[in-house]
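There are 2 protein chains.
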Amino acid sequence: MILCDIGNTSVDLFCEGERTKLSVENFDPATLHDDVYYVSVNTLFNEQIQKYANWHDVRELIDWDKYYPTMGIDRIMVCEAVEEGVIVDAGSAITVDMMRGGVYQGGFISLGLRAAYEAYARVSPALDMSFNFEVDLVKMAKNTPDALTVGFLAPLILKIESLGKPIYMSGGDARLLSRFLPEATVDEELIFKGMKKLIEKGVKC
Amino acid sequence: MILCDIGNTSVDLFCEGERTKLSVENFDPATLHDDVYYVSVNTLFNEQIQKYANWHDVRELIDWDKYYPTMGIDRIMVCEAVEEGVIVDAGSAITVDMMRGGVYQGGFISLGLRAAYEAYARVSPALDMSFNFEVDLVKMAKNTPDALTVGFLAPLILKIESLGKPIYMSGGDARLLSRFLPEATVDEELIFKGMKKLIEKGVKC
Numbered sequence: 001m002i003l004c005d006i007g008n009t010s011v012d013l014f015c016e017g018e019r020t021k022l023s024v025e026n027f028d029p030a031t032l033h034d035d036v037y038y039v040s041v042n043t044l045f046n047e048q049i050q051k052y053a054n055w056h057d058v059r060e061l062i063d064w065d066k067y068y069p070t071m072g073i074d075r076i077m078v079c080e081a082v083e084e085g086v087i088v089d090a091g092s093a094i095t096v097d098m099m100r101g102g103v104y105q106g107g108f109i110s111l112g113l114r115a116a117y118e119a120y121a122r123v124s125p126a127l128d129m130s131f132n133f134e135v136d137l138v139k140m141a142k143n144t145p146d147a148l149t150v151g152f153l154a155p156l157i158l159k160i161e162s163l164g165k166p167i168y169m170s171g172g173d174a175r176l177l178s179r180f181l182p183e184a185t186v187d188e189e190l191i192f193k194g195m196k197k198l199i200e201k202g203v204k205c
Numbered sequence: 001m002i003l004c005d006i007g008n009t010s011v012d013l014f015c016e017g018e019r020t021k022l023s024v025e026n027f028d029p030a031t032l033h034d035d036v037y038y039v040s041v042n043t044l045f046n047e048q049i050q051k052y053a054n055w056h057d058v059r060e061l062i063d064w065d066k067y068y069p070t071m072g073i074d075r076i077m078v079c080e081a082v083e084e085g086v087i088v089d090a091g092s093a094i095t096v097d098m099m100r101g102g103v104y105q106g107g108f109i110s111l112g113l114r115a116a117y118e119a120y121a122r123v124s125p126a127l128d129m130s131f132n133f134e135v136d137l138v139k140m141a142k143n144t145p146d147a148l149t150v151g152f153l154a155p156l157i158l159k160i161e162s163l164g165k166p167i168y169m170s171g172g173d174a175r176l177l178s179r180f181l182p183e184a185t186v187d188e189e190l191i192f193k194g195m196k197k198l199i200e201k202g203v204k205c
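First to last, the sequence lines map onto chains C and U. Numbering-wise (the numbering used here), the first sequence opens with residue 1 and increments by one. Numbering-wise (the numbering used here), the second sequence opens with residue 1 and increments by one.
Only chain C is shown next, with the shape it has when bound in the complex (with noise of 0.2 Å):
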C-alpha cells in the first residue's frame, strides 16, 4: 500500500516508512502499481487519476460530520490522527486544530512564515526584513525585525499555549516554528499517519 498527498506542485509518497517528494509535473500515475491511498487538492490531477481503479481518494472515507465542508482535506488528516491534543501544519498557512477524545473542537488559521513576511513587505519596504528566529518572544521589541517577529509569532504561540497539551506539529515550517513550543512534538508523518488510521477504520467498517 502506498500514501499519496497530491499537492499543487509535489506529490509525496509514502510506502513502506519510506517518503518520496516528486514534482506534479513528472510524475506519471501509471508507474504505480500497487494500491495508493491518496489525498490531492490539485483539482486537474483529480481528473486524470479517475481511470486508475488502484488510485483510491481517501475524502471518501471521511466522517464528514466530524469536520466542515470547506475544510482543507491535509488538515483532516493530521487530525484524524491525533486522538487528543493540538495540531499546528505550518506550511502555506498555519493551521492550529484541537481533537478531544477523538472528536473536532474546531480550529483557527494563521498566515505561514512566508505568507506573513511578505505580507509586511507588501505594507511598507521599511518592513521587508526578515523574522529573527533568535528574539524572545516575551519581550516587547525596540527594532524592526525583532518588532515583526515578535507581532506574528508572540500573539500566536501565546495562543496556541492557551490550547492545553499535548502539541503535535507538522508541516515545512514545524521545525523552525518548535524552538518557540519545546514541549511540542514535531511529527513529519502526521499526515499519513492519519490516512492510514482512516484507511484501516474504513477497511474494517
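Please note that a few of the clues may not be correct.
[Said to hold, decoys possible] In the DSBU-like style, the derived pairs of lysine-lysine whose C-alpha atoms are separated by at most 30 Å in a straight line are:
| hint | chain 1 | residue 1 | chain 2 | residue 2 |
| --- | --- | --- | --- | --- |
| 1 | U | Lys66 | C | Lys139 |
| 2 | C | Lys193 | U | Lys142 |
| 3 | C | Lys139 | U | Lys193 |
| 4 | C | Lys142 | U | Lys142 |
| 5 | U | Lys139 | C | Lys197 |
| 6 | U | Lys51 | C | Lys139 |
| 7 | U | Lys66 | C | Lys21 |
In case anyone wonders, no lab produced these hints; they're calculated from the structure.
Using the hints, position chain U against chain C.
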C-alpha cells in the same frame, strides 16, 4: 498653531479641535500662514516643505534615546501621548507599544486588517473571504471565515490583553478592533495629542 500628519496619500490637519483630511496631491503648503508643526512619512513632501519657514518638523523634538532609529514617526507620536499603558495603532499595520511612567518599553508590529485579509487571499483562493467581526474569538472555528478571523484576531487580542491596562486605541481600524477590547479607550486624536505634548515640552526647554 496647526498640527499636521502627512502620509503618502493624505494630509491630516488639526487646528483648534477641528480635523481636516485632504489628499496630498491637492494640498498646497503655501496656503497655511500660521505656524504648522508636522510629522511626515512622505519624502517628496519633506523636500518641498524645506522652503517654508512656518513649517516645523516635530521629528526634531523627539528624544531618540527613548525610541529606536527606524521606528515610525506616527508610532512615536501616539506613544508620546500616553504616560502609562498599551497603545494600539490600527492602520495599514497594527502597532502595539507599551509606555510605563513615560518611558517606552518596546512594542511589536502586526499586519493591518486589510493586509492580513489580502495575505490570506494570496495563500489560496479558498482563503479569499472577508473576516467575520461577529465571531466569538474564544471559540475554535468550524467554518472558513471564522477560522481566518479567529486565526488572525484571537492571538493578537490575547497578546494585547496580556500586556496589562490601560489600553488606548487609534488609527482607521481602531473602532472595529475595539469591539474585541471593550475596556480600551478609542482616541482618534492620539497622534495630535502626542505632537502637542512634545511641542509643549520642546518649547518649555
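Quiz item: Which hints, by number, does the structure contradict?
Solution: 4, 6 and 7
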